[in-house]
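*Asks:* Turn these sequences into a full structure, and let the hints guide you.
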Amino acid sequence: MILTVASGKGGTGKTTVATSLALAIADSSPVLLDCDVEAPNAHIFLQPQFDQRREIGLPIPEVDEVRCTGCGRCAEVCQYHAIVVMGGKVLVFPELCHGCGSCTLQCPEGAINEVPNLLGVLEAGPAKEGIYFAQGVLNVGEPMAVPIIRELKQWQPFPEGRTIIRDAPPGNSCPVVETIQGADFVLLVTEPTPFGLHDLRLAIQLTRELGIPAGVVVNRDGVGDDGVEVFCRKEGIPILMRIPLDQRIGKAVARGEALVEAFPEYLPQFRELYAQIQSLIDSRQDEILPQAMGTHPSHGAKAGRL
Amino acid sequence: MKLAITGGTAQYETQLERRFGRCAYFIIVDTETRAWESFPNPAVNARGGAGTHAAQFLANQGVEAVVSGDYGPNAFTALDAASIQMYSAQGGQAETLVDDFLAGRLEKVTGNTGPAHHGGGRSQGGRRR
Numbered sequence: 064m065i066l067t068v069a070s071g072k073g074g075t076g077k078t079t080v081a082t083s084l085a086l087a088i089a090d091s092s093p094v095l096l097d098c099d100v101e102a103p104n105a106h107i108f109l110q111p112q113f114d115q116r117r118e119i120g121l122p123i124p125e126v127d128e129v130r131c132t133g134c135g136r137c138a139e140v141c142q143y144h145a146i147v148v149m150g151g152k153v154l155v156f157p158e159l160c161h162g163c164g165s166c167t168l169q170c171p172e173g174a175i176n177e178v179p180n181l182l183g184v185l186e187a188g189p190a191k192e193g194i195y196f197a198q199g200v201l202n203v204g205e206p207m208a209v210p211i212i213r214e215l216k217q218w219q220p221f222p223e224g225r226t227i228i229r230d231a232p233p234g235n236s237c238p239v240v241e242t243i244q245g246a247d248f249v250l251l252v253t254e255p256t257p258f259g260l261h262d263l264r265l266a267i268q269l270t271r272e273l274g275i276p277a278g279v280v281v282n283r284d285g286v287g288d289d290g291v292e293v294f295c296r297k298e299g300i301p302i303l304m305r306i307p308l309d310q311r312i313g314k315a316v317a318r319g320e321a322l323v324e325a326f327p328e329y330l331p332q333f334r335e336l337y338a339q340i341q342s343l344i345d346s347r348q349d350e351i352l353p354q355a356m357g358t359h360p361s362h363g364a365k366a367g368r369l
Numbered sequence: 003m004k005l006a007i008t009g010g011t012a013q014y015e016t017q018l019e020r021r022f023g024r025c026a027y028f029i030i031v032d033t034e035t036r037a038w039e040s041f042p043n044p045a046v047n048a049r050g051g052a053g054t055h056a057a058q059f060l061a062n063q064g065v066e067a068v069v070s071g072d073y074g075p076n077a078f079t080a081l082d083a084a085s086i087q088m089y090s091a092q093g094g095q096a097e098t099l100v101d102d103f104l105a106g107r108l109e110k111v112t113g114n115t116g117p118a119h120h121g122g123g124r125s126q127g128g129r130r131r
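Residue numbers (this note's numbering), protein chains in the order written: chain A, 64 to 369; chain B, 3 to 131.
There's no promise every hint is true.
Computed cross-link-like contacts, BS3-like style, restricted to lysine-lysine with a CA-CA straight-line distance of at most 27 Å [as the list claims (entries may be wrong)]: (1) A:Lys152 - B:Lys4; (2) A:Lys152 - A:Lys191; (3) B:Lys110 - A:Lys152; (4) A:Lys191 - A:Lys314; (5) B:Lys4 - B:Lys110.
A few chain B positions that, by computed beta-carbon distances, are all more than 10 Å from chain A [stated by the list, open to error]: (6) Thr33; (7) Thr98; (8) Ala118.
For the record, the hints were derived by calculation from the structure and aren't laboratory data.
C-beta: ideal position from N, C-alpha, C; glycine also.
*Replies:* As structure tokens, this is what we get:
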């Protein structure tokens with residue numbers, strides 16, 4: 064099972080929930096992927112010993128000025144405008160380049176070579192209580208988080224068949240979409256405030272767009288208003304867990320302690336949360352399978368009709 | 003010489019649009035004859051690289067100087083490479099700005115004046131909301 068913990072609004076407790084969930088099911092040797100590559104912090108709570116490392120780069124163009132005729136074809140085909148041709152001279156903007164390779168392919172003189180531009184690293188290793196941990200770290204000043212997250216998702220320095228928990232970045236933009244894509248379930252951690260609700264709405268739209276089932280964890284339950292409650296009821300989104308507003312939790316997390324370590328009484332709740340997610344995924348598969356297999360045994364034929 | 007002014011509309015009476023890469027129109031004026039023409043900015047809705055795209059467009063038009071408000075680092079580098087002189091103004095009509103330019107009343111830009119934007123598709127204005 065692949066589970067993404069996301070939120071919309073930042074600072075609602077994604078990492079608190081993701082790390083405590085991993086600790087609560089540690090017996091099954093889960094994997095935690097910290098996909099918040101701009102500011103990964105789950106390692107503070109799970110204390111991995113990194114023994115694997117991979118550098119991640121994008122292929123960016125390097126122009127051979129002798130062969131280049133300054134025709135401008137590369138600038139024309141670059142949809143990211145990462146390469147311009149000014150007065151016959153080619154300029155490359157590495158931080159705009161997505162590494163698509165169009166300029167290299169289209170150059171009529173074969174004057175463009177691709178060289179790696181280092182964006183960041185992936186690190187992995189065993190962490191507390193048999194949890195396996197991996198994170199991506201984007202270099203400071205690099206604007207593109209998605210390539211690092213994509214590589215982190217594909218990197219599997221651990222045995223197959225393990226439950227994977229992905230800790231997402233905040234917001235609802237490309238890095239979050241990448242972290243959610245391919246997951247079986249999205250757990251949205253929110254706070255019951257107008258800010259929390261505003262971003263929760265966007266996050267729900269996103270999970271619906273991607274066709275991935277979602278459930279909500281209300282953190283700091285007791286502050287704010289009943290807006291999140293009313294929204295979830297109206298939209299049929301299950302609230303799977305509530306963590307009360309409790310200053311002791313805030314203090315423990317600030318000391319770098321995982322919620323379930325500081326307060327083991329939460330362990331059963333997190334195990335129950337995991338069981339609920341599993342049954343929601345199972346019931347969804349039961350719903351989908353009979354339809355897909357009904358009168359059209361071939362998926363290809365069905366897709367062809369649509 | 004060909005002078006470009008970043009405008010909000012396609013008319014010569016347009017007010018200056020202070021964002022270089024994301025302006026709606028370029029008013030391109032021949033400073034000798036005062037003949038002018040307006041072009042929609044092809045980069046106005048670019049997902050990223052609006053500054054470099056707009057700079058490439060002006061270079062292709064044979065523009066030698068531009069009046070705008072702020073220039074991001076990529077726009078500055080690209081315009082500078084094309085030897086297009088950059089001038090900054092707080093506002094005003096395109097017509098008046100041409101006079102200001104000819105009278106040497108505009109501030110010449112020698113470094114980027116605005117922050118990097120890195121694409122309209124990403125979360126702008128800070129990461130943590």
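*Asks:* Does each hint hold? Answer for all of them.
*Replies:* Hints, verified against the model:
{"no.": "1", "hint": "A:Lys152 - B:Lys4", "result": "21 Å, holds"}
{"no.": "2", "hint": "A:Lys152 - A:Lys191", "result": "54 Å, violated"}
{"no.": "3", "hint": "B:Lys110 - A:Lys152", "result": "24 Å, holds"}
{"no.": "4", "hint": "A:Lys191 - A:Lys314", "result": "21 Å, holds"}
{"no.": "5", "hint": "B:Lys4 - B:Lys110", "result": "16 Å, holds"}
{"no.": "6", "hint": "Thr33", "result": "20 Å, holds"}
{"no.": "7", "hint": "Thr98", "result": "29 Å, holds"}
{"no.": "8", "hint": "Ala118", "result": "8 Å, violated"}
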